[in-house]
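A.B. asks: One-letter residues, chain by chain:
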Amino acid sequence: MIQEDEIKSKIDLDLWGRIFRYALSHKRLLIPLAASATVLAVIDTFFPIATKWAIDVIQGSGVIKDLIPVGVFYLSLSAGLAFCVFVFIHCAGGISHHIAHDIKRDCFKRLQELEFAFYDKQPTGWLISRLTADCDRLSRILAWGFLDVLWGCLYVLAMSVAMLLLNWKLALIVLATLPVLVALSLFFQRRMLFTSRQIRKHNARITASYGEGIAGVKTTKTLGREVENLGEFEGMSTDMYQASVRRAFLSAIYLPLVMLVGSLGSGLALWYGGVNLLQEAISLGTLVAFISYAGNLFQPINQIAMILAEIQGAQAAGERVMSLLATKPEIVDSPEVLEKIANHQALQSKQPIRRTLHSLAEAKQGQPNPLSPAPTLANDGHPNRIDEIQFKDVTFSYNQKETVLKNFNLRVKRGQTIALVGPSGGGKSTIVSLVSRFYEPTGGGVLIDGIDYRQRSLAWLQSQLGIVLQTPHLFNGTVLENIRYGRLDATPEEIREAANLVNAHDFVMNLEDGYDTVIGEGGARLSTGERQLISFARALLADPQIFIMDEATSSIDTETEKLIQDGMQRVFEGRISFVIAHRLSTIRSADQILVIKQGEIEEQGTHQELLARRGHYYELYTNQFRNEGVNRAMEAG
Amino acid sequence: MLQEKPTPASKGSGLPLIWPLTNGFRALYAWAAGALFLTTLFQFLIPLIGSATIDFVLTSEKTEQSPLLTLIIDFLGGPETVRANLWIPAIAMAVFAALGGLFNYSQKLSAAKASDGICKRLKDQLYDHIQRLSNRYLDQAQTGDLVQRCTSDIETTRIFLAAHVVEIGRSIILVIAALPIMLSLHVGLTAVSMALIPFIVAYSYFYIKQVKHVFTEVDEAEGRLTAVVQENITGIRVVRAFNRHDFEIEKFSTPNREYRETSIRLIRLMSWFWSISDIACLVQIGAALFAGAYLALQGSISVGTLFAFLALLNLVLWPVRMIGRILTDLGKTTVALGRINEILTQPFETQADEVSITPDRPAVGRIAVRDVTFSHADTPTLQDISLEVEPGETLAILGPSGAGKTTLMHLLLRFYDCDSGRIELDGQDICSLDRAYLRAQFGVVLQEPFLFSRSIRHNIAFGASTASEADIERAARVACIHETIQNFSEGYETEIGERGITLSGGQRQRLAISRALLGEPPILLLDDALSAVDNETESAIIKALQDRRGKQTTIVIAHRLSTLSHADKIVVLEGGRITQHGTHQSLTKEEGLYQRLWNIQTQLEAALAEPEEANRL
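Protein chains in written order, with the working numbering: chain A, 1 to 637; chain B, 1 to 617.
Quick caveat, the hints were computed from the structure, so don't treat them as lab data.
Any given hint could turn out to be false.
[Stated by the list, open to error] DSSO-like, lysine-lysine: derived pairs with alpha carbons at most 30 Å apart:
#1 A/597 with B/543
#2 A/201 with B/332
#3 A/218 with B/113
#4 A/121 with B/212
#5 B/543 with A/218
#6 B/113 with A/201
#7 A/406 with A/597
Turn these sequences into a full structure, and let the hints guide you.
C.D. replies: In structure tokens:
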């Protein structure tokens with residue numbers, strides 16, 4: 001998504017100060033950059049002096065030998081300039097990419113810490129462009145803007161000093177054009193930036209229009225809307241054309257105007273300087289130098305104005321990035337919990353030898369069991385084992401207004417499976433998100449063996465979860481890497497075993513390179529069902545005490561569903577499981593079925609009990625049964 | 001892929017394609033070139049005034065005077081007048097600067113009008129062309145690839161036209177204008193002043209060409225970084241579910257670092273490039289300065305001439321040195337233009353010489369399919385299909401996926417033409433009818449309805465922009481979506497798609513149904529249009545559609561018996577052939593797919609009547 005923002009009229013110095021701190025940490029490059037900008041400004045000022053010197057030699061002594069020092073001077077200026085150019089490109093480019101790297105690193109880190117509530121509010125595309133386009137833009141402006149402003153100011157200053165030293169009256173006349181140049185540049189650069197932005201905006205609309213036109217071409221044809229579509233498109237391309245011509249119009253006026261002011265300066269210098277020359281108050285060389293200076297003044301002014309306009313334009317990007325960095329995660333361990341974790345760690349580190357020995361022993365066995373008993377204590381010093389999860393009067397709302405869950409009560413014991421059914425938006429997903437502590441209850445509490453989970457370690461709880469989502473998101477990489485995501489230190493044998501338990505092993509072995517098959521972006525080379533099997537194995541590998549299946553079987557074929565169904569029976573053994581589903585087979589075997597409607601438990605019981613009640617569950621069930629029967633007959637047909 | 005299949009018409013590729021594009025804009029370009037030439041002349045005159053003043057007024061040496069400078073001083077009123085009134089050259093400078101500025105303005109504006117105008121026309125052509133391409137082409141083309149051509153290839157062309165053409169033109173004109181002036185001042189000095197320019201251009205061309213691959217590497221590194229970010233953010237729920245942030249941060253740090261390293265490598269190469277190119281230019285100016293000074297000392301040129309040379313050289317040198325860089329980009333433009341042209345040379349769906357009839361009244365809605373056979377990409381999808389639908393009747397088509405149901409519908413709409421057999425509308429072969437007329441007779445809901453990112457109102461009225469408020473609401477009511485829309489905070493004005501709300505599958509289908517109903521076309525085609533709608537809503541929609549029975553011919557493709565059973569005729573399509581046809585009554589008695597489905601339903605109902613049985617389900 002392309003987000004354009006208005007140009008801020010004021011430059012927020014505090015904001016840019018904070019952003020500039022990123023540059024300050026690269027002093028190794030920043031200092032040579034500043035030095036080269038300074039030297040460059042001085043060298044640029046000396047070039048007309050070299051010409052003046054040469055002319056004065058011709059006019060004065062007229063001896064060729066006297067030109068030699070001028071030549072040496074000129075050549076050393078050239079060498080100096082080239083060196084400065086080399087240094088500043090090197091340093092400014094370097095700083096810019098270092099800053100981009102650092103800001104991106106910090107933003108990325110922060111994004112990993114923020115909770116689901118944050119992601120609910122921000123569209124994915126928006127976040128991606130914060131992390132890419134905004135960061136790149138800021139870093140570029142920071143490095144090159146710093147260089148240009150420094151060089152521009154010093155160059156104007158150096159030229160002024162040189163002119164004042166040569167002839168202060170003539171200098172004042174030439175410098176009189178300076179305010180005009182500044183005013184013109186500021187006026188036009190801002191407007192040009194603004195139209196450039198509009199062009200980009202129109203361009204984005206055109207791109208979107210092409211995308212839609214191509215993807216929806218069949219619909220357009222059935223509705224016979226080709227002519228109107230083209231008319232709308234032409235409206236957009238005309239807008240873009242007009243904005244482009246307007247941009248050209250502005251720059252077509254701006255540059256000649258600035259040049260005109262420059263020529264006026266040169267003319268004034270020629271006139272006043274010429275009179276002086278005739279009175280022999282100045283030399284011809286000095287006059288020529290002045291004419292050059294008058295013509296050169298606009299360059300640095302133009303650069304500075306351009307950068308200032310860009311800074312104004314990028315301010316919104318700066319604000320967005322800085323506010324992202326300033327966003328603090330809301331669900332974190334409380335200070336008490338942090339203290340407990342620290343205490344526990346201190347206790348653990350007192351027995352380092354035992355731990356090493358233990359893991360050595362494990363390694364010697366060669367094939368550690370993936371379902372090996374976990375340590376008895378969690379990292380916060382409480383027992384690691386979870387025997388019961390209880391929702392106690394839980395109330396939850398996403399935005400204070402709509403209550404999604406009202407006084408919800410539920411007790412689940414180890415080894416039980418809870419199926420959640422009901423209409424979408426009823427609160428099923430909220431319940432499992434609350435179990436996972438991706439959100440926290442706004443009222444009441446979730447208790448783990450009697451202790452509110454806000455008094456337990458967040459990292460510990462979440463490492464006890466195994467979650468399979470409706471759309472199995474896989475990462476680009478091999479099958480092995482994707483399953484290993486569940487437990488990073490798992491051995492290939494353990495991974496195979498997990499895959500076997502969920503019936504994924506057979507299909508993986510049929511892939512081209514087995515477990516080493518690269519599955520493409522988002523797992524594009526696999527079917528949805530195959531992806532789901534892998535994500536199931538991934539969840540199992542973590543050996544979680546709490547297993548969550550969130551609509552995991554809703555978008556896959558019957559064949560795979562059977563495999564998953566079969567795996568579930570084995571996997572759920574000895575764990576606390578929550579299943580959101582609408583496939584009958586998945587629901588039927590649960591210990592408890594909860595029909596959730598509008599944030600409340602509408603019906604609760606086993607399959608038989610609920611069917612006998614002939615209520616909501618009965619209705620849902622029979623509908624689903626009919627649909628599944630039809631689908632099966634079709635697939636067979 | 002598209003580029004593997006060049007059509008005979010797309011043989012022309014690359015830069016020769018530019019010339020026809022400029023058609024209609026050539027006068028503007030010519031004017032821009034003329035104005036540029038005048039601008040350049042005025043720009044050159046300004047330092048020459050300085051030179052003339054220096055030579056004739058401010059210095060009194062008797063050196064060989066160039067005729068050009070004599071001409072200028074005479075124009076200004078002669079040495080004596082100028083000496084007494086030094087404001088004259090100052091004013092002349094300003095006036096010439098103003099005139100030069102005026103032409104400069106005109107040149108830039110006309111060049112922009114020409115290049116942006118060409119781009120606009122190209123974009124419009126492309127858009128128009130894509131909409132009118134045949135479905136066979138569109139099916140085998142990839143959406144992403146087409147969009148890519150329409151955006152980044154157009155952008156490459158735009159940069160070429162707006163920036164590169166102008167820059168190249170400017171450099172050529174600068175050199176053409178400067179050469180005679182310099183030659184008239186001093187031939188030898190001209191040679192010295194221009195000596196390095198070809199080398200500077202060649203240097204920048206070959207250097208950039210050499211390091212081009214690093215630019216590509218930077219692009220690739222950036223792409224990898226973006227891919228990681230994208231993957232992470234779209235999968236953030238998985239990351240959190242497995243508590244893997246440290247792992248992800250580690251995973252991100254590698255491409256982030258690599259992008260930085262490659263970029264810095266490119267920067268290093270570019271800092272060499274710019275500093276060497278700068279020093280070459282300065283050496284060129286230095287050479288002119290010292291050769292000129294030497295000549296001036298010898299008295300063979302005046303100080304004014306030297307001054308003029310330096311000023312002219314400064315004007316010419318800096319733009320010209322960019323040429324080499326621009327030339328390296330020409331290859332990119334050639335490829336982009338070729339890719340755009342490949343689309344533009346594809347034939348339209350409707351050939352220009354096609355003769356077709358456009359009846360002046362809407363169709364009655366009698367459809368006859370006679371012995372139609374059709375194969376898609378060499379695999380037969382439909383074989384010997386024959387069926388008839390009377391006006392106002394409802395025909396239902398049932399069949400497993402891949403049976404050819406959607407293809408049959410596409411044939412009715414003439415997205416494709418059948419290989420043999422014919423399809424008639426009101427007794428007229430549809431191949432003889434105007435496509436626009438034919439399609440206007442159908443209200444269509446495609447299998448995966450496409451909605452546009454605009455308001456709900458616009459989406460319903462997409463095909464009929466003149467529809468009234470009441471019409472839109474009526475169509476929405478029939479499709480049972482009116483209530484839902486009313487519940488959105490902005491009602492019918494609610495935006496959908498990227499910038500608005502996301503609709504559920506069922507809501508999308510219902511919206512598409514109301515879109516198809518609007519304007520009451522004689523025939524309604526519903527391709528699995530109720531699959532994501534819940535049962536209650538489905539029966540309500542079917543009931544509403546039945547109320548219109550007799551007014552509208554309806555063809556329904558569906559999987560659920562509940563959608564089909566009310567139809568006047570039912571056809572079972574399996575493997576591209578019609579295996580059964582009849583009515584609900586007759587098909588339930590006949591062995592086949594329909595009966596099997598029916599049995600499942602009745603069995604369920606029977607089973608549920610007995611609680612004991614139900615428990616075993």
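A.B. asks: Next, verify each hint and record whether it holds.
C.D. replies: Here's how the hints hold up against the structure:
no.: 1; hint: A/597 with B/543; in the structure: 28 Å, holds
no.: 2; hint: A/201 with B/332; in the structure: 25 Å, holds
no.: 3; hint: A/218 with B/113; in the structure: 35 Å, violated
no.: 4; hint: A/121 with B/212; in the structure: 41 Å, violated
no.: 5; hint: B/543 with A/218; in the structure: 28 Å, holds
no.: 6; hint: B/113 with A/201; in the structure: 19 Å, holds
no.: 7; hint: A/406 with A/597; in the structure: 11 Å, holds
Of the numbered hints listed earlier, those contradicted by the structure are 3 and 4.
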